[in-house]
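Chains as they are written, first to last, in our numbering: chain A, 1 to 969; chain B, 1 to 192.
Keep in mind that the hints are not guaranteed to be accurate.
Claimed, not checked - Think about it this way: if two alpha-carbon atoms lie no more than 27 Å apart in a straight line, the pair counts; the simulated DSSO-like pairs of lysine-lysine are:
| hint | chain 1 | residue 1 | chain 2 | residue 2 |
| --- | --- | --- | --- | --- |
| 1 | A | Lys291 | B | Lys192 |
| 2 | A | Lys828 | B | Lys192 |
| 3 | B | Lys191 | A | Lys657 |
| 4 | A | Lys156 | A | Lys657 |
| 5 | B | Lys93 | A | Lys291 |
| 6 | B | Lys191 | A | Lys294 |
| 7 | A | Lys118 | B | Lys192 |
Think of the hints as simulated: they come from the structure by calculation, not from any bench.
The lines below spell out each chain.
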Amino acid sequence: MAASHKGDLCKILNPDMNRRRFLLISGTLAAGATIGNLVKPAPASALVTGQNPPDPTEVDAGVQVIMSVCQNCHSRCGIMARVKDGVLLKIDGNPYHPNNLGEDERPSYNTPVEEAKKRPGRLCAKGQAGVQVVYDPYRIKQPLKRVGPRGSGQWKAITWEQAFEEIAAKLKPLRDLTTPIDPSAPELGPIANQVLYSPGRTIEGGFTDRIWGSGFGTINKREDHTSICETSHHVANELMTWDEKANRGRKNHFKPDILEAKYILLFGSSFLEANFPLVALGRKLMEFRAKGGKYVVVDPRFSNTAALAHRWVPVKPGSDAALALGMARWMLENKKYDARYLANANQAAAKAAGEPTWTDAARLVVVDPHHAEARRYLRADALGGKKEHYVAWSGGGPKEIGDAALVGELEPGEVTVAGRRCKTVFQLMKERVLSRSLAQYAEDCGLSVDLIVTLASEFAAAGKQAVTNAYRGLVQHTNGVYNQLSVNLLNTLAGNYDWRGGNASGGGGYPEGSGVTPLGAVPGGVSPKGIRLNRAVKNYEKDAPNLFKRDGGYPARRPWFPYATHGNYQEVIPSAAEGYPYPIKALITYWNAWPYSTPALRKTFEAYVKDEKKLPLFVAISLNMGEVAAFADYVLPDTTYLEKWAFPGMTPTILTKATPFQQPVVGKLDGKDIGTVPFNPDAPNVYTPVLPNTKTVGDIHIGLAKALGLPGVGDKAFPDGSPLHTYWDYYKKGLQNLSKNTGKSIREIVAKGGVFEDAGNEYDGKYLKYKYGNLIHIYIEQLATTKDSMTGQYFDGLPHYEPPKFADNTPIAAVDEREYPFQLITYKLAWHAQARTATLPWLMIIQPENFVEVNASDARRLGIRDGDRVRLISPTSPEGAVGKAKVTEGLRPGVIAVSHHFGHWELQSKPHIVDGVPQGYDPSRGTGIQINPILRRDQFKGRDLNGPMQDKVGGSVSFHDSRVKLVKA
Amino acid sequence: MTQRGWLIDLGRCIGCHSCTVACKSAQNTAPANSPLLFKGGNPQLPLHLSYRWVIVREGGTYPNVWRTFVTSACNHCQTPACMNSCPVNAISKRASDGIVLIDQERCIGCRYCVWACPYGAPQWNDATKKVEKCTMCVERIDKGLQPACATTCVGKALTYVADFDATQSGENAPEGFSDPALTRPSTRFLKK
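Chain B on its own, in the form it takes in the complex:
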């Protein structure tokens, strides 16, 4: 079976969020308009969905400080915890290319998958009362195109891999990335 996946070069992610916005724009994730709520005069993020996002970590003491950026999304795992957790079989893994998808017709909004996924990929939509996540832009892949995030990555950190080598699952994973043995993510990394 072919498996689609991601290759992330940790030395090249510049934290610019171009992938985040490419995903929001291509997938029209909610909210599509002004995002902030005000509570007691303070801005507050509404529930919002980002199928792809950038994890920023920093540390150290002045002047020896560090900051890292890792673009992150659904890893379309080889043994997806989300799929195994779903009580209604709404989550499936495409036989042809291993892309993991949530059927919105079947999803009952129980959110088991949100808890099961070690990577935070499935996300609750408060408007539909269902869970959504990265589809790897299947509508693009099925037409021979690349996912929106990968086409736009400014630092060339994020690459779409059409034929992911399952044995490289989680290779060179950065600190904080969940144990690849759990779900065998279709993502590998290059060291910074």
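Bound-form chain A, shown alone:
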């Protein structure tokens, strides 16, 4: 170990180096800006303190509480930050926020803060560790410019003015809104599209769209992370709730009404670990359990959620759809579905039957493969009715589904209507589900017929209080959308949407985007045109006719994603590297950890961004010297989530309305420590962060946009002629809107951290108060009539099981299984989130490293013992990755599990150099193993696609389909 390393370790581990000490250090760096804060709070009592005094409490004199919103994972729980004299002491839950306290313990919104603060809300380990996000001694403290080759770790400090001027000078020539990138394929759009903005995590999309979309004019205005989270879950739900008039999905996320449900079946959705919001899900699931509710966990790994479950079902990874459809088969054969609900063909029939929602089960579909309308719902114009109406079979004949109540027959058999052979959706679904036997389904998912029948009968017995829920374990496979549609089918057979104890779409929020000032309106702004680099929501044949012709039609060079309504994060870099469908010239990232967080991307990413000819400009907005920032030309340090504004939104777990407000909890407003003077919405509120030479992500964007002379910032940035000079200017308008829409004052909203409907408003009798109240599709006409860009074949319109496949539809196992006997899956811990929490000592101390988890019988066979160094090798990563083995009984044999969060190779786990001086670092941030870089790259008929395997329908990346072999290292 080098001497300087020891010196650093000594400094890191110096017991005095607590967060108050950090202020001294950072204050020195910041030229005395925070020296005034260094009043060490006096111990409460010498008798009881340990080495350090406990924090002053929320009721002590001089202590203030600031309500805001956590972003140490994506749950966006409310937080109550305790501050004193400008020092952030402790983070608790915001008692008003419905994530943080149950319906039985949450104070009414009218309760004064002085009273409510005495019972802090509940908050998880990640949220509380936010203190260490702010006081991380190794954060980037000023803008940096690269001085060595990309990725060499050599930087010089520059001013913000220099950074904005230099970056703007390089971006300006690219703001060409008229010249096509490729004259032979003008549909790709103008040269401005060659600038791409990619936030990994963002809750400020509305704001940054103003800069990159309306301002700069690139169609690549926001390529965020959702496809490496759970996109195919969102997409499947949108397809299920598709609004045929508006041509978009109505809802992307449902959650069980946990407290009133009787039976919950979780597919790859760990309510007590990674699924979110943990604080609400964990509380509710334990209440549910205490009341006698039964939940089942379908997961190859014995998760903490499984540990408290009624049953653990160790399914074969990626085959959950087979289990769901096996259950559906039993329910269909034994008539254990709500036939009355399914027969309601429209809203009027549903209403008469006391059902808030209705389905397409009774609709007719044209099944004659040679008919021009093949695979489409039969339209009523075939009967002389309205073209926008559909048709059901009722009373022995076809009936137009209009406004009058209509109950259809579910199984009239094949019928002919106006020369078209048709079947009902229900009939098609049933035939499809019954096309495989229970034994075949059991074989597909690696479970027994008995277990499938037991689960189906338990589920059916709970009626409308039986609910399935799924997340990334189910959908981060190449068959993600169909897995989700199959699991959703069980909810549809139960008819549980909008019922008390059924499937909930959540209370939603109060609008803040308009009311006084429309936040999205940009005078002089432009509408970006063309095709996104990742081909999201574009159809190869229809939307790119010139390119389609030029490239000889099917297959496309890389997949297109006509229904990827939440983008495609993993496809950006491989596409840019290949220049398909066009090369880009500038990349701007924010809170992005592409090569760390994305499967099979590291090699492609590093090779691409190292080449300045291919990528002339690379700017990273980043808190840390992470895996992306390390390769940038400029690193612009933004503030933490505890030092910015936003309207972060809610999840459907919460059944009442809420619009939380995120605001800085520490730092200075107009030169005064936050909390030391009452908040004044009419003051300029110029914000100085804890590290005064960092800026909020919004102020960075405003500075850059001003240097570029873009519309939408500066004087007259809004339609009413008002300016946008600071990030606060924008959120002040948002607060004015929210205040007008709710009747609450801005001061009250800011003091309470948002607007929250009181508990007690969850239900409307036997229904949920806030309803989806609309159509549920079983059949997905959009998919049935859209071609797969890689095969030229139509996608499937029905839920079904298919094994995980490459882009050419070859099953992965068929190619890889023999040489690579294990299937590798990933998971997340309850006290970590994604790529960001390895910097937090309070969390790293719980479990200092992660493991390669192997089933005990597999380990015995291979002679592997706990603690052995083992290497995981995949077909596209012969060098593999090395980790420490952990032998467990809690894992399906043939499966290897490795948690996320560990094994960083940057993130200040090693030093970088600024102005010739090595910066402090902490090797503990690099402990353990990250298996994303070794996951399998996709292939098309043997051609390496240079990027991860993915779901061609939803756009999800595959996290759980790679085959590996395991050898001793």
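Starting from the structure of chain A, add chain B where the hints point.
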């Protein structure tokens, strides 16, 4: 005499460690910064203090496996072994509410209490050469607030009991919990 105590619902602890971190944050226990040492390239936990922690136990054979979580801290016993073991009377039990505290001025770092306690509550601090432990957040309790861990428990497994019934000491204790007859801990459990 009033006795403060804990009620732990074993069916509701989800192993999330929110209580662990609440305690570390509220009490500023060491180390407050990056925790790992490296020895021969392998990470190693430094001496660290956690006044509250989660005990995870597991067993069984695939697919019939089990895992349990129990949040754990000082039980502020009615007859504290730590107090009885202390040669310098640094450990006291508050007359008003039975909270057991270590006086850092008097502690000589002999660690007898570390050995005496059947629950692992007193912990050695290598920097101060003294022993520390859970104070039940007396600075909070004395102001009418609840201990940091209890306010934050996600599964509602951990409840602070202001008036603990001494006759319920150790009720429904999970396997591995030391015999309550030894020190009469001010903790009771609800079965899983």
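Status of each hint after checking the structure:
1. A/Lys291 <-> B/Lys192: Given that 27 Å is the threshold and the Cα spacing comes to 12 Å, the pair holds.
2. A/Lys828 <-> B/Lys192: holds, 25 Å
3. B/Lys191 <-> A/Lys657: Cα-Cα ~36 Å, so violated.
4. A/Lys156 <-> A/Lys657: Not satisfied, since the Cα-Cα distance of roughly 48 Å exceeds 27 Å.
5. B/Lys93 <-> A/Lys291: violated, 38 Å
6. B/Lys191 <-> A/Lys294: Answer holds: B/Lys191 to A/Lys294 is near 17 Å, not above 27 Å.
7. A/Lys118 <-> B/Lys192: Not OK: A/Lys118 and B/Lys192 at ~30 Å, beyond 27 Å, violated.
Violated hints, listed in ascending order, are 3, 4, 5 and 7; each of the other numbered hints is respected by the structure.
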